[in-house]
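Colleague: Could you fit the two chains together into a complex? Lean on the hints.
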Amino acid sequence: MAQATDPGADGANPAPPLLRLRGVSVTFKTSKGLSPVVRGLDLDIRAGETVALVGESGCGKSVTALSILRLLPPAHASIGGSILFEGRDLLSLPLKDMQDVRGDSISMVFQEPMTSLNPVMTIGEHLVETIRQHRRVSRAEALRQGIELLKAVRMPDPERRMAEYPHRLSGGQRQRVMIARAIACRPKLLLADEPTTALDVTVQAQILALLRQLQQDFGIAILLITHDLRVVADFADRVVVMYAGRKVEDTVAGRLFGAPQHPYTQGLLAATPRGMRDAAGGRRRLREIAGTVPDPMAPPPGCPFQPRCSRAIEQCGRELPLLGPADGDGLVACFRPGAAP
Amino acid sequence: MWQGAITIVAIAIFNFCLIHMAPGSPVDVLAGESGTADPAMMEELTRRFNLDQPFHVQLFSYLWNMAQLNLGQSYRDNQPVVTLILARLPATLLLMASAIGAAFLFGLLLGVVSARFVGRAADEGISFFALVSYATPTFWSGLMLITLFSVKLGWLPSSGMMTIGSDKTGLAFMLDVGRHLILPTLSLSLFYMAIYTRLMRASMLEVYGLDYVRSARARGLSEARVAFRHVLRNALLPMVTMVGVQVGSILGGSVVVETVYGWPGLGRLAFESVGRRDYNLLLAILLFSSVMVIVTNLVVDIIYTLLDPRIEHGKK
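Protein chains in written order, with my numbering: chain A, 1 to 341; chain B, 1 to 316.
One chain only, chain B, in its complex shape (with noise of 0.2 Å):
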């Protein structure tokens, strides 16, 4: 517990630093958009934001706010960012969730399959189709999926999280999120989906060999039972490993996705905020990102524990 919020400050501290040794500031980018660069208006901003104070006092004070729960306002909005941030988090996570779920699920279900017939027909396809998930870009998957779907089949919306202008509530809304969530969701775990087919089938190939496997096959358990009870419990261990380490690069990874798809997601919201220089909203949703990891970390050692009795709580 201790570990993860001592990451958490190093994290911010590390953050701070990176984005002040950025180029430009966001008076500069406020004053560009209003179309004047008044110099006694930006002064004003710029101590108004306390980008005048030396660096070392800026990133104390940044600390201090931290401390206490306070991230500070937008510069750009004039709203916390934490209220910003929790208007899109729940995108976020949903769009997470289902494609980490989505990752998992087939990449697990193919690397068994995978394993089970290796060398044959459903293996080589497997592969195959793992293989070229794996090359295939996001964003151009994600293209390429809008035009297929959307444009020349018409079966699924191309973009939002939602139908615009309906008031759909309970099942039917939950029905036209589920319509909105699938084209991101796919692009978002074809690539990790590919991946975890490949681990998965390398890692039940593996335990396959072991000698435990051979002696249940020696008390005449059934293909199907050794392969379920004796293999793939086995096997998972270094699925829950790579999940756990891949969290933070699938949050990346969903910047470019929730811009092609525009969901309304923290990708998003990071990659407009850059761009803004609205550091105090950057560092915020970094500040989240982390967390976010750091939990799903733990989430993934409290697996660990369950599938493997050989870890035990506590010991490290």
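Isolated chain A, as found in the complex (with noise of 0.2 Å):
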């Protein structure tokens, strides 16, 4: 199912991705078996740009980031395939040179920003301590470094700040201190999991420009997981929708909202708000998609959205559809791709 080619390579850029997936699964032991959780995922990010990694709940977007990052616990999952990141394979390298990694080429911003700080620390503790564990400077610098990183997540009255408790702090300012510890060692590759979810909606939009901005000021290239395809419209250059493990479609975020290729996609557009009026123009009423995601440890023969898709045939109960050239631009897997009938 390894794709060589993918959207955009023999394009403009032909520099090599910054990071490039191949063939990543991840399974977890669990003690009823083995459980394939993601099944044989390219993906590749350019510098600079940011990838939108969609798709429902349990369907591998934030294990595909947590094994970036090689933050499962080893004895629990295990990881496949390879992961290159500037040329290096993450998944061979020893632990204290993937230490160094973590947090200063790539970082990551969790979706918890209340539980993802340490309670008896300082917001001044944390940003120091993230600076001091990759950057060889006095403290004094690393807490003027931390003052400019709060400026810099428009933090109100950041000298102050510094001195404080998480607990003291709103959901929304938790949210920016993680954004400042994140980019502390101004990362290459920023991976957000849902980084707005637990938030209100008006702090959203407002994270959501504060992480557009950063990423112009400084050029990260962003994976953005989410499951809110409003997010992923204003946002996003690339999306990847994934569906129980697998890779379904590829595409530039434009040509997603505007034509998307797999039933599934078309079925998420269909379900959130901002695609029904795009894709009728007028009112319609929300549609969920039927039935539920299929266990990982008992897949469905064929393609795994198959049970669910209105447009399924036979072969779609015999074959897995491999992830081919879509019609225009992009990949997508499915046998009979195209727009909604």
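Read the hints as simulated data drawn from the structure, not as lab findings. Just so you know, these numbers come straight off a predicted model, no measurement behind them. Some hints here could point you the wrong way.
Claimed, not checked - Ranges between beta-carbon positions, derived for each pair:
| no. | chain 1 | residue 1 | chain 2 | residue 2 | range |
| --- | --- | --- | --- | --- | --- |
| 1 | B | E272 | A | A163 | 54 to 60 Å |
| 2 | A | E86 | B | V118 | 33 to 39 Å |
| 3 | A | L320 | B | D211 | 34 to 40 Å |
| 4 | B | I303 | A | R160 | 24 to 30 Å |
| 5 | B | L18 | A | R160 | 52 to 58 Å |
Stated by the list, open to error - From chain B, some residues computed to sit far from chain A (all C-beta separations above 12 Å):
| no. | residue |
| --- | --- |
| 6 | F16 |
| 7 | L59 |
| 8 | G72 |
| 9 | M174 |
| 10 | Y212 |
| 11 | A216 |
We put the CB at the ideal spot given by N, CA and C, even for glycine.
Modeller: Here it is, written out as structure tokens:
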């Protein structure tokens, strides 16, 4: 299922991508046996690019991000394939070298700002710790940089915030601290795992605007993991749709919303208020996708989406559709791709 | 602070009632020991000790004296009970501090190692050791330690607090007391060390699963730094609570240990005063103990605010 071609590779930018996942599979060891949560995933992210990874809960998108940093507990999860970052395979790095990559050239923002800060450390201690882990600077210099970082994430009153503990901050402020901490060492790649899901709607917009601003200022590539297609529309350059641990569609963001190819992508868009407007131009009832995500330990035969797909034919129940060039641009894994009937 | 004072008065009243419900009086014991049960002398003693007064009068005179910091005379030694207690207090404080210190320190270390290598040989070994320590009665482990280290090996003294007849001073004196302290500390702390080991292990494992530990790893921190800087401090809170709660029961345990090792502390004095029905002395010891427990809990509260910034002074 490995695909050598990737969208845009033969176009204007021939440089190798910053991050290249090839045939990555993640298997969880559970009490009931092995559970494959990511299956043969290929993914490329270029320097400065924003790629959105979308899909329902349990499709393997967060697990993919955690595998890039090797943060899954080795006793419970095994990762196969290769994850090349700037030409080095992260999966074969010694732990010490991997720790040098984490938080320095690749950093991560998590979904839960309320619990992702240590309650007994001040904001300043969090920032200083991260900076001094990767840079040989004095404490005073790290503190100065910390204040600059809080200014960069538009934290009000940054000098005073440095001495405060996380419980004094709101959810949005904590997420700003998390972002400040993630960009502390000017990473080349930021993994943002549902960074706005736990926040109020108004705060979500502010955090997204902040991420976009930082990306423009520092040229950071972002892998944005989300289930919210509205976020993707104004944020991402390219969208990768995952279903049941596999990539089912990979295309530029504008095209995904204009002409989605995979029936699952179409289903996701129809279930989103924005997709509703784009698809029909008028008002339409939100439609859910019938059925549920298959159990990774007992997938259906053939295409994993086939039991929920209105377009399924006999072939879909027999063979697994491979990822291939879609009509126009991008990649799709479907025997009957194309516009919704 | 006021809560503490009210608690002490309540404890004093409770102790007083409890002791007066027990059968026997100091007069019976004194008469029995002197071998003459002369009714006139017993009556005289009863009057002298105010034991002929009605119960509520005795209680109020006790509380009134307590308010004036007068805890009375020992019926037996005819000395102020405070003098007797103060003579024994340092030995007990030393034993308790060293037992709590040892239990906390080794419990913490073993718990951290256990959690770090969970499911592996080190964890299994420590868990087994903790279970055995937990299940062994203090008096028995005390006797066994004496048999091994004093009788068989002859490494350590079996009883007392210092070598009798030696007039050591300075460092030599401290080393001598230290040698005498090892075995009683060991017997008294083993049980609590076992509890703290298990508690620390569970607490560390719980914190290891939290989001901020994963996010600390995501920033490239080494495993040792994650363990000590992010996990340990948060895992300490339940430990500190437990120590605060258990100071009272360690004080109770010291009665047995002081008896086994002939340690000249408060626990033994309390034990003896029960046998002699020396109510004034016993009540004063109980009062001192409750003050010690309450002071420890105040200290624990202060340590708490230092460890966890979410808990602030004056907020209950």
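Colleague: Take the hints in turn and mark each one as holding or not.
Modeller: Structure-based check of each hint:
no.	hint	result
1	B/E272 / A/A163: 54 to 60 Å	55 Å, holds
2	A/E86 / B/V118: 33 to 39 Å	35 Å, holds
3	A/L320 / B/D211: 34 to 40 Å	36 Å, holds
4	B/I303 / A/R160: 24 to 30 Å	27 Å, holds
5	B/L18 / A/R160: 52 to 58 Å	55 Å, holds
6	F16	44 Å, holds
7	L59	47 Å, holds
8	G72	48 Å, holds
9	M174	36 Å, holds
10	Y212	5 Å, violated
11	A216	7 Å, violated
Taken one by one, the earlier hints fail for this structure at numbers 10, 11, listed in ascending order.
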